[in-house]
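Here the working numbering is used: position 85 in the sequence shown is 455, and no number is missing along the way.
Hints should not be assumed to be uniformly reliable.
Claimed, not checked - Between beta-carbon pairs, the in silico distance windows are: (1) Thr576 <-> Arg403: 31 to 37 Å; (2) Ala420 <-> Asp461: 16 to 22 Å; (3) Leu457 <-> Asp527: 23 to 29 Å.
Simulated from the structure, these hints should not be mistaken for lab results.
The beta-carbon is built from N, C-alpha and C at its ideal position, and this holds for glycine as well.
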Amino acid sequence: MSNVFIIGANGKVGRQVAKQLSGSSHDVRVGLRSKEQYADFESLGATPVALDLEHDVASIQDAIQGSDIVIFTAGSGGHTGADKTILIDLDGAAKSIAAAEGIQASQFIMVSALNADSPETWSDSMKPYYVAKHYADRLLRESSLAYTILRPGGLTDEAGTGMVTTDPTSTDETTIAREDVARVVVASIGQKSAYHQTIPLLTGNTAVAELFA
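Could you put the whole structure together from the sequences, leaning on the hints where they help?
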């Protein structure tokens, strides 16, 4: 059993992770900005904790204190501008990494984006998002943490298949269901074979259960 903390639990991937961990042997806490969101997660057996990524590192460290595994699924969302993308996807991630180092977390799982290291593929409209993901990932790789960086392609709300590929060159697929991204997050928890790995994710032909076997 691990003490798991989900940052960004109210997002679509984070909520899927919380659902899939419901009833597991893990002790799950979720960082939330609004107390109105607490009941939804309490019904899943998770413990809500007040957390605002725009606050300082010390407040984030206080929130995640006692966690073994820190999962970062936070994002500013498509309805916000570049300023919020930088504040949440980059600065929020950077502070969360520092906070996780401060508590000596055993693993930090980052949900990033496919092609975050390939600037030549970034469109002008999405550039702030990819810049944020690129530098957040770099900070995590340069940290003292055992990291797992997951880089999904285009995210869909379709039902997951439980089948993925980690080799984008092997498929014409460009998307993956959020449910399957969450499955990979859950499967990677505490798996040493997932430590210090940066993993592309698309819908494919490999069972999630086999990824870290």
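Does the Cβ pair Thr576, Arg403 satisfy 31 to 37 Å? holds, 36 Å
Does 23 to 29 Å hold as the CB distance between Leu457 and Asp527, or does it fail? Once the Cβ atoms are compared, 25 Å apart, the range 23 to 29 Å for Asp527 and Leu457 holds.
Hint check for Asp461 and Ala420 - Cβ pair distance inside 16 to 22 Å: holds, 19 Å
When the structure is compared with the earlier hints, no violation turns up for any of them.
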